[in-house]
Each structure stands twice: as structure tokens, then as C-alpha cells.
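Protein chains: 2
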Amino acid sequence: MSDYSKTPRSTLKRAHKRGHYDRQTVHAILDEALVCHVAVATERGVMNIPSSHWRVGDTLYIHGASKGASILALENGAEACIAVSMLDGAVFARSVYAHSVNFRSVMIYARGHSVEGDEKLTAVRAFIEKYAQDRWDQLRPPTANELKATKIIAFEIHEASAKIRSAPPGDEDLEFDVWAGVVPLKLSRQKEEPCLKAGSHHAVPKGLLPNLG
Amino acid sequence: MSDYSKTPRSTLKRAHKRGHYDRQTVHAILDEALVCHVAVATERGVMNIPSSHWRVGDTLYIHGASKGASILALENGAEACIAVSMLDGAVFARSVYAHSVNFRSVMIYARGHSVEGDEKLTAVRAFIEKYAQDRWDQLRPPTANELKATKIIAFEIHEASAKIRSAPPGDEDLEFDVWAGVVPLKLSRQKEEPCLKAGSHHAVPKGLLPNLG
Chain V
47 MSDYSKTPRS TLKRAHKRGH YDRQTVHAIL DEALVCHVAV ATERGVMNIP
97 SSHWRVGDTL YIHGASKGAS ILALENGAEA CIAVSMLDGA VFARSVYAHS
147 VNFRSVMIYA RGHSVEGDEK LTAVRAFIEK YAQDRWDQLR PPTANELKAT
197 KIIAFEIHEA SAKIRSAPPG DEDLEFDVWA GVVPLKLSRQ KEEPCLKAGS
247 HHAVPKGLLP NLG
Chain D
47 MSDYSKTPRS TLKRAHKRGH YDRQTVHAIL DEALVCHVAV ATERGVMNIP
97 SSHWRVGDTL YIHGASKGAS ILALENGAEA CIAVSMLDGA VFARSVYAHS
147 VNFRSVMIYA RGHSVEGDEK LTAVRAFIEK YAQDRWDQLR PPTANELKAT
197 KIIAFEIHEA SAKIRSAPPG DEDLEFDVWA GVVPLKLSRQ KEEPCLKAGS
247 HHAVPKGLLP NLG
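Protein chains in written order, with the working numbering: chain V, 47 to 259; chain D, 47 to 259.
Hints are computed from structural coordinates only; laboratory data are not their basis.
Values in this document were obtained by computation on a predicted structure and should not be read as measured data.
Check the hints yourself; a few may be wrong.
[Claimed, not checked] Derived DEER-like restraints, expressed as beta-carbon distance ranges: (1) Ala190/D with Lys252/V: 53 to 59 Å; (2) Asp77/V with Gln70/D: 32 to 38 Å; (3) Thr53/D with Gly163/V: 34 to 40 Å; (4) Glu121/V with Pro187/D: 18 to 24 Å.
[Said to hold, decoys possible] No farther apart than 30 Å at their CA atoms in a straight line, the calculated lysine-lysine pairs in the DSSO-like style are these: (5) Lys176/D with Lys209/V; (6) Lys63/V with Lys237/D; (7) Lys243/V with Lys232/D; (8) Lys52/D with Lys232/V; (9) Lys209/D with Lys113/D; (10) Lys113/V with Lys52/D.
[To be verified] Covered stretches of chain V (in silico footprint by chain D; criterion: 3 or more residues with CB under 8 Å from a CB of chain D, positions within the stretch not fixed): (11) 73 to 85; (12) 94 to 106; (13) 141 to 150; (14) 167 to 180; (15) 216 to 224; (16) 233 to 241.
Virtual Cβ for every residue (Gly too), placed ideally from N, Cα, C.
Can you build the whole structure from these sequences, using the hints too?
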């Protein structure tokens, strides 16, 4: 798969070895992460909205209440800067400044558009399938009012970069006799909590959160 | 502790029961989370930078390379919208649209300033202590050049809100006979990876990541 466009603002200037521009790396981070942050200039100033996201091909989707200020701005074509980041560890070094974190992140600059009609339902289905495979056909489908109350914004990904740090401490201050190393961190599933209102005779389905690392 | 200012843009308009404005709730989220996203308008457009953050009283700190576009904009007084969010679970409902996530998030609108002199070293120490208690005195201190290469931006928190969802699925479509419930998620420590260059005779210190839930 080819690379995304490297523009001056999407190209890492510091720690440039941490930069990646290939679709495979960018997609893997977007697909594993469950939350993004969408920054956009609105009439209320710059807003930064945490949002679930999902990807189909080179399109990134988010959703939000139709009347929200950030959704309105995005729908009207304001540029977004979308950040997706996963924290993979805390890095403890021997010098104060060599302390760091291991992480994988993606930054996308893009203008979005509102998805309508059949395309909207197809996008909603892809969203559900990021969270649960083989579940769509069992669910009560969206109503017209539900679909109307929520906008889906699609961003075609062109200008994107990934940044990854995955390493032990990088310091050289070995004469400081202190423990150094990495405490890995991972977003982990805990024991499921079945809803007791109904359906608790079902086993927990396989295929929930299939991309969680 | 008193509440933060409720302004039109910091007050939740939808799902307003999820909104919290008291310092205790806001601070607890800021202190447990290790990463924030800082959105700011720069000469390159709106940028959205993932960053480690730390808090002392009503001041939130971030750090970044002195020459970075976002740090320069912040230093020059551009308003930031800082989002901190932790994903606590995926909520599987019986209807498509009742699927949700459990989360805790904070949004802060603030203008920052660069921290200098003795105050800068004090802030760096608080940063280290968020990651590791009782470690500062064992470390090689920052050099003048290290301090110069990195800016610390302080934001006085006035306009802030927290948003929390922590609940089972909220749907009423009980006739759809499918498993429903929550898959809790948690950023969890994994087995430590000591740096083998030196110091591996030390036990892993207690007090690493003391606020991790």
C-alpha cells in the first residue's frame, strides 16, 4: 500500500525516525484505537471533541449529535485535525529528561462531509462491526428519527502521519544507580457485565472488540 | 471544593446528566489520565497534539519542544481546548443506536503561559512525581540545555467540565433476544521490562504510576 501525502505540517520535524506515512501503519493504529480527538475551529473557538471513530478503506468516520457546534462546523467544511493515540508504556530513565512514554499515534488533517441516505446506514453498520462482528442482524435497526438526530461525518484520508515510540529508555547516564525500564500499559478487557434486564441466558458472544490488541 | 465556571460552551447541552463541574471530579480525571490532547489554532491551521500532562492545584501543565508550532502558538497566548479522556468500557445494547461507551472525560478552555526559572524546575519535578514517587532525588538532574529545549506551558483552569458515562445499556428493546452488557476496559500495567544496560539488580520500585486506577 502506498504512503499518505507528506506535507510540511504532517512531516515530523523532531524525532523524525518515529514518523511513518504508510497506509498499513496508519490503518493499524486507526483500527485498534477506539477513541479519537477531533479538533476544529467553531464559532465558539477551537473545540476538541473525543469521539469514537471507525475506518473503511481510506475513509475515517465519526458521529455526533446533529446540532452540536463541532459537527455543524465540520459539516460546513471546516478543516479538522484528528488525533488518535494509544499509550503503550511509561519509560523510566536515569536522567529526568530521558523519561518518556511509548505510544502509537496518528494525526490526520482533513475536511469532512455529512454522510446521507443508504451510505449512512452502511457506515453505521461498519461502526457496529468494529465493536462486534456478526451482531448487526440481531439488533433492532435504527429508526428514521435516530438516524436524523445523529450526523456521520466522513473524512477522506490524504494528509496523515503516524508517530511511534517503542523502546527502552534512551539515556546514557548509567552511573546513576537507579532502576530504569519500561512499565508497559495496555487497554485491557475486564470481566463482562451482562445486562440483567433480559438476554442474560446468552453466553458472551465471541467477536466483541475484535481489533483490541 | 467549589465548581469551575459554567460557560455556554463548557456546559453540556445534550446528555446533561453526564456533566460535572466540581473540582474534585475534574481533578480526579486529570490526575489519573496520563495523556491529553491539546487543540490550538496555529499558522498551519488547527493542530491537535497528544501530550503528557500533569496538575498542581488549579494549574494544568504540558510540555513540548520549544520550537514546535503548537507550543509557539500557546506561548503567544492562543486559546487551547484541552481534552482528557479515558475509555472505561464498550456498551453493547439490543438496538444499534443504544450502543455506547462508558468513559470519563474533561474539557478545558484556557490560555497558557510559558513557565520559566525556578518555577520550571518545580513543575518538572511535579511531572516526574506523577509517574514515580520518591524518584526525583535519585535521577540525573536536567541540564540548562535540556531545560531550554523544552517549554512547559501552564494553564490556569477556570472554564472546565467533566463528562462521565458509567452505566449498562440504556435501551428498552428487550424483545430483541441478544446478549447485551458492558465489556469494561482499563489501562492496565503489564510486566515491567527492566533496562538491561545497568541497574537491573534493583527491584522494580514501588510508587511507579501511583494514580493509575
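Tested hints:
1. Ala190/D with Lys252/V: 53 to 59 Å: holds, 57 Å
2. Asp77/V with Gln70/D: 32 to 38 Å: 36 Å Cβ-Cβ, so the 32 to 38 Å window holds.
3. Thr53/D with Gly163/V: 34 to 40 Å: Check passed, 37 Å falls within 34 to 40 Å.
4. Glu121/V with Pro187/D: 18 to 24 Å: violated, 51 Å
5. Lys176/D with Lys209/V: Holds, at roughly 24 Å.
6. Lys63/V with Lys237/D: Holds, at about 27 Å.
7. Lys243/V with Lys232/D: holds, 25 Å
8. Lys52/D with Lys232/V: violated, 34 Å
9. Lys209/D with Lys113/D: Measuring from Cα to Cα gives roughly 33 Å; hence the hint is violated.
10. Lys113/V with Lys52/D: Status holds; Cα separation ~20 Å.
11. 73 to 85: Held - the segment 73 to 85 of chain V has 5 residues with a Cβ nearer than 8 Å to chain D, which meets the minimum of three.
12. 94 to 106: With 4 residues in contact (Cβ-Cβ under 8 Å with chain D), the coverage given for the segment 94 to 106 of chain V holds.
13. 141 to 150: That given contact holds, which follows from 6 residues of the segment 141 to 150 of chain V lying within Cβ reach (below 8 Å) of chain D.
14. 167 to 180: With 4 residues close enough to chain D, the hint holds.
15. 216 to 224: Since three or more residues must qualify, the claim that chain D covers the segment 216 to 224 of chain V holds, with 6 doing so at under 8 Å.
16. 233 to 241: Coverage by chain D holds here, the residue count being 9 at a Cβ distance below 8 Å.
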